[in-house]
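Line by line, the protein sequences are chains A and B. Heads up: the first sequence begins at 4 in this note's numbering, then just goes up one per residue. Heads up: the second sequence begins at 1273 in this note's numbering, then just goes up one per residue.
For the record, the hints were derived by calculation from the structure and aren't laboratory data. Hints may contain errors.
To be verified - Coverage of chain A stretches by chain B, computed from C-beta distances (three or more under 8 Å per stretch; other residues unrestricted): (1) 77-88; (2) 461-468; (3) 493-503.
Said to hold, decoys possible - Keeping only pairs whose Cα atoms sit at most 30 Å apart, straight-line, the calculated DSSO-like set for lysine-lysine is: (4) A:K267 to A:K115; (5) A:K523 to B:K1393; (6) A:K133 to A:K86; (7) A:K44 to B:K1393; (8) A:K558 to B:K1473; (9) A:K523 to B:K1473; (10) A:K512 to A:K481; (11) A:K467 to B:K1388; (12) A:K523 to A:K512; (13) B:K1388 to A:K44; (14) A:K44 to B:K1387; (15) A:K467 to B:K1393; (16) A:K133 to B:K1374; (17) B:K1519 to A:K558; (18) B:K1387 to A:K467; (19) A:K523 to B:K1580; (20) A:K365 to A:K115.
Claimed, not checked - Residues from chain B that keep clear of chain A, each with C-beta distances beyond 10 Å, as calculated: (21) Q1293; (22) S1301; (23) K1326; (24) V1339; (25) C1340; (26) L1354; (27) R1356; (28) R1384; (29) I1422; (30) P1498; (31) A1522; (32) S1523; (33) D1582; (34) V1584; (35) N1620.
Model, not experiment: these values are computed from the prediction. Beta carbons: idealized from backbone N, C-alpha and C, even for Gly.
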Amino acid sequence: KIELAGLCPGWGKKKNRWIMALQEGTQFYIRQMRTMRAVWKDFGVVVYDTKNKSRDDKSAKVYSGAIVELQWESSKWNSATRKLVNQSYVHFVRLQEAAAGPNGAQADVLVKCSRHFRAILHECVLELKKIATATDGDAEADRESYVYQCELFSMMELIWHLCEILYLEVLPVGCLIQQLLEWVRWHSTPYEQLQHDIISAPCPEEHEHFWHLVYKLSLQGSIREARDVLRLHSFAHNSPKVFESMDELLAKMPMMYSSGMASKAELLRSWQEWRGECCRRRDRGDFMLVPELQLLCQVLCGEEDALLDKSIVESCDEWYELMVGQLLFTSPLVLSTDYDVVATAEKCLGVFDAGGGAVRDKILLSALQGDIMNLITLCSASISNWWFVAHLTTIFHHSGILLASQLEYGFKLSEFLILEYASSIMSHPSLWPIALDYLSYCPTQGRHYQSMYVERIPLTSERKAIKVLRACNQYQLKEEAKTVCRVMAMRAYRSGRLGVALSWSLRSKDAAFAASLAEKYFDSYQSLGEFMDLDLLDHLGSAMLLSNKLAFLGKYREFHRLYGNGEFVAAGQLLVQLLVSNIVPMKFWMTILTDALPLLELESQVFNTEQTYALAHFLRQLSPIASQSLDHAAAEQDTSSQDGNNNKVSLLWLALVRNLSRAMLEAAPSL
Amino acid sequence: MAEWVVKYVGHKVSKVRWRPQLAGSIDPSDIFASGSWDDVVNRVCIWRFPATAKAADEEGLNEPELVCAQTGPADIMDLVFLNRDHLACALSDGSVAVFSYKEAAGTLSHVRDWKKVHGQKDLPSPCTSLGVLAGSANVVSGGEDGRLNILRLDDQRPYATIATADSSTITGLDCSIPSEVLASSSNGMLKVWDLRKPPSKPARILAIESGDYTSINGVSRHPNQPNLVVLGCCDGSLCFWDLRQEKMPASLCHAHTLDVWEAKFHRSYPDQLFTCCQDGSLWHWDASSVEGSGQRSSWLSGAIACGKVDIVNHLPHNTLSVNSCDIESRHLVCGTDGEAIFVIMDLNLN
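All chains, please: the whole structure from these sequences, using the hints.
Below, the structure written as structure tokens:
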């Protein structure tokens, strides 16, 4: 599977060519598209090779060959990552709401939020593991990509957890070490299997990893588990004194829980007492019989050489396990700002010699050093998705530890990262509501991005168009809202669905388009002799007031209804009202007057004198035009219609005069 | 506040429907179907809630358990159960597809397709709503082309078509009364079609003329009083109409702030009404404490205006649109644009 990693237009002499970076598995290729052309489509690119044009006709746009559609980062989307995006969106919004409150985001809110994010991240890791194991053997590349994602997200969880401990948690004295131990325990490889193996072995202490397990548990502060394993040693029964002594030491180790009661001095005192006892027993030679126990005792005393002993180092999978273990036994009341932490970290890193400094280690070190900018820079550069840095920085930003660091473009770091994140989720066709909402939290550039993005969301159905419209309204994107309605209206118009087109222009109160649609209805009436979409016209209601032409259309239809119902007087009144109110375009006057003809000819009187005068007034205005066109009609071939017109005009005059006389007689007071 | 469970499903949910209960059984249905939309690959999924004991053990949570799914490229615009074993889907490529659910095997298989029954030949338009004709397994489909089709399971082509049923999109259908079809449209009109007569014109047209442009998103009939319908509108208002009175709706209340996508009465407790909205809210309207004035249902009286109806929002913190909701007995299930399915459990119904 080939993925498009990047695309950019050429420059200089090769301005018309495109340069593509493709990724196949772990290989990257850069291709210059000499004969290839690319076209943007939605959020991807369509690529085709022009060299397959037919030879005969170089100018023809005939094309025979493959058309390839490329999309950004399509492999990163699976059900686990989509869950991640959706769940974290919910918490992101809550965080922003809390931060926008009167007092800003309080520390406990931030910690809770951070824990939610971490929990979501952990769920994502578990889900990815499940998907990876469920992928069948054929899709090996898929499985690899899931495994890779799984590792990446685990690393993100590790870093996030450390940052939460160091920067967000508000810890009383002595609790940092507990949190760090918790951190190590949570992220280290599970030892249950090893423990089970050791327990079920006939001679536990002969197991090659027995002592490794004991050291590991001690360094992780899982003292009770360490004691349990020690008790499995056969010597524990044979020469109990040695093991009892160690067991007692371990049992008495003061755990720095956040009791809240003990002050720093008290905690320090109790710890120093305990350590004193350890040193006494070590010097007394209590553990000479069992060298491993002696080493363990030295570790408990916090001896540097012991802590860097080969077997201790081997029992740790990661350098930070060793580091936290060292801190536990040398300075348990350490604060995150103490230099001890960094010094120990660097020492342990050196011991593990993690091959030239893996990026993850650099990131963890930056976190321990308190260098947040470096941390964020490294994360952005090495983690291939923007989710991590965007959300982490947002939390940092609201906690205030992130000083306003102005980039060259002048907007805050967290906004920049949210923009990048939102841009990255744009690559999926489904996630546009979430992308738009993230953009709304970027005060400087967000709106610009929103307006450009929303115009490119494909409107595949009416329901989707309505949702896009609501989003435009929500973010005050008035022009874009109008554009959406216009696009839908034009689309409907082109497929001949005037009713739908009209409904879209009513939705957006687009008077101009509604007017032109009304004219189209009229034209169709004149050619077909009857109205289309009667149901719509009959029930326009007050929506017709949007445009004069629309109002005219509605009223004219009402006239037809009244006429059809036999309500001739009302119909006649309406007709005159229409003309008098000036909403009838001139070209329809003839039609209206022609409609008046049968009413004038009716036995019972419909029009009174005023109305007749009004009709006459309009007819007179028409007639000079009619006579004018007579002069020009000499060259006209279509003289028959002119004659017809003339006939109509004279008929109308006749009818009007007759009606006038009738009306005058009726109105005259009886003598 | 009732307890609820959420499951993030990885696709935007357009419709959820409970499978019909066994006739005469009091056990609530434990299977529901969901459809997705606006994705590269869309799916129809069958879920079980409450999950089987085995699944609940594995996951440790009481989430809906996925039983089976079918995929396809087109959006699922509407979903109905024809009977306990057959499920019909309205698709955005103008087709209607029928699937058969086999409970024993736990599979969903494709049975019948009516391709491109909506739109023109080269330009299909989405089929937006489906209804099941009462007393049969025939499907009525309405689409963006304003056409109504009557489809029979054993026939490849539509049995009957009303090509110019509406000048705009048909948004909702209700066929609970035999040989009568109610179709709501996006032009604010509700048309009543009588299938016994040759259907060239609707038997009746009712229109909301409230001033501003309104579009009706869905229609639902009261289970005990077939002349009472509730309409959900695009401006958030809810319209109660007594079909015997054509001129005006009985009441029009401005309830939500954005489009009401679905409004439906509880089948067994019609004093309970459920509405779901674009702004992410899911409201449960309880009119049981209103005394119906004689013949008139509590919904038609001015109870809502007087504030006598209790309203509870079951998803107060949700911001993304709730597209669909359904309730069979005590559990209310809904699907949102936040790619989540919520099940609100053990509602208090009188």
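Okay, the hints, checked on the actual structure:
For the segment 77-88 of chain A, the proposed coverage by chain B is satisfied: 5 residues have a C-beta within less than 8 Å of a C-beta in that chain, meeting the threshold of three. Evaluation of the coverage hint for the segment 461-468 of chain A: fulfilled, as 5 residues show C-beta separations to chain B shorter than 8 Å, against a requirement of three. Proximity of the segment 493-503 of chain A to chain B, defined as three or more residues with a beta carbon under 8 Å from a beta carbon of that chain, is established by the 5 residues found. Our distance criterion of 30 Å between C-alpha atoms is met by K267 (chain A) and K115 (chain A), whose separation comes to about 26 Å.
A threshold of 30 Å between alpha carbons decides the hint, and for K523 (chain A) with K1393 (chain B) the separation of about 24 Å falls inside it, so the pair holds. Between K133 (chain A) and K86 (chain A), the direct Cα distance comes to roughly 14 Å. Compliance with the 30 Å bound is thereby established for this hinted pair. Using a Cα cut-off of 30 Å, the hinted pair K44 (chain A) and K1393 (chain B) holds, with the two alpha carbons roughly 25 Å apart. Between K558 (chain A) and K1473 (chain B) the alpha-carbon distance is near 22 Å, which keeps this suggested pair within the 30 Å criterion.
Of the supplied pair hints, the one linking K523 (chain A) and K1473 (chain B) holds, its CA atoms being roughly 24 Å apart against a limit of 30 Å. Taking the CA atoms of K512 (chain A) and K481 (chain A), the gap is about 12 Å. The hint holds against a cut of 30 Å. Between K467 (chain A) and K1388 (chain B) the alpha-carbon distance is near 20 Å, which keeps this suggested pair within the 30 Å criterion. At most 30 Å may separate the alpha-carbon atoms for a hinted pair to count; K523 (chain A) and K512 (chain A) meet this at roughly 18 Å.
Our distance criterion of 30 Å between C-alpha atoms is met by K1388 (chain B) and K44 (chain A), whose separation comes to about 25 Å. For the given pair, K44 (chain A) sits about 27 Å from K1387 (chain B) by alpha-carbon distance, which is consistent with the 30 Å threshold. Using a Cα cut-off of 30 Å, the hinted pair K467 (chain A) and K1393 (chain B) holds, with the two alpha carbons roughly 22 Å apart. Between K133 (chain A) and K1374 (chain B) the alpha-carbon distance is near 26 Å, which keeps this suggested pair within the 30 Å criterion.
Under the criterion of a C-alpha separation no larger than 30 Å, the hint pairing K1519 (chain B) with K558 (chain A) is consistent with the structure, at around 19 Å. Proximity of K1387 (chain B) to K467 (chain A) is assessed by CA-CA distance (about 22 Å); at most 30 Å being required, the pair is judged to hold. Of the supplied pair hints, the one linking K523 (chain A) and K1580 (chain B) is violated, its CA atoms being roughly 49 Å apart against a limit of 30 Å. This hinted pair checks out: K365 (chain A) and K115 (chain A) have alpha carbons roughly 27 Å apart, not beyond 30 Å.
Against chain A, the non-interface label of Q1293 (chain B) holds: every CB pair exceeds 10 Å, the least being about 30 Å. With a least CB separation of 26 Å from chain A, S1301 (chain B) remains clear of the 10 Å interface cut-off, as annotated. Distance check on K1326 (chain B): its Cβ is at least 16 Å (rounded) from any Cβ of chain A, clearing the 10 Å threshold; non-interface status holds. Non-interface status of V1339 (chain B) relative to chain A is upheld: no Cβ of that chain comes within 10 Å, the nearest being about 16 Å off.
For C1340 (chain B), the requirement that its beta carbon stay farther than 10 Å from each beta carbon of chain A is met, with the minimum near 15 Å. With a cut of 10 Å on Cβ distances, L1354 (chain B) stays outside the contact zone with chain A, its closest approach being about 23 Å. With a least CB separation of 28 Å from chain A, R1356 (chain B) remains clear of the 10 Å interface cut-off, as annotated. Against the 10 Å criterion, R1384 (chain B) stays outside the reach of chain A, whose nearest CB is about 23 Å from its own CB.
Here I1422 (chain B) stays apart from chain A, with its beta-carbon at least about 20 Å from theirs, past the 10 Å limit. Against the 10 Å criterion, P1498 (chain B) stays outside the reach of chain A, whose nearest CB is about 23 Å from its own CB. The claim that A1522 (chain B) is not at the interface with chain A holds, since no C-beta of that chain comes within 10 Å of its own (minimum 18 Å). S1523 (chain B), annotated as away from the interface, keeps every beta carbon of chain A farther than 10 Å; the closest lies near 18 Å.
The Cβ of D1582 (chain B) lies farther than 10 Å from every Cβ of chain A, with a closest approach of about 27 Å, so its non-interface assignment holds. In this structure V1584 (chain B) is separated from chain A by more than 10 Å, as the shortest Cβ-Cβ distance comes to about 21 Å. Look at N1620 (chain B): its CB is around 26 Å from the nearest CB on chain A, clear of 10 Å, so calling it non-interface holds up.
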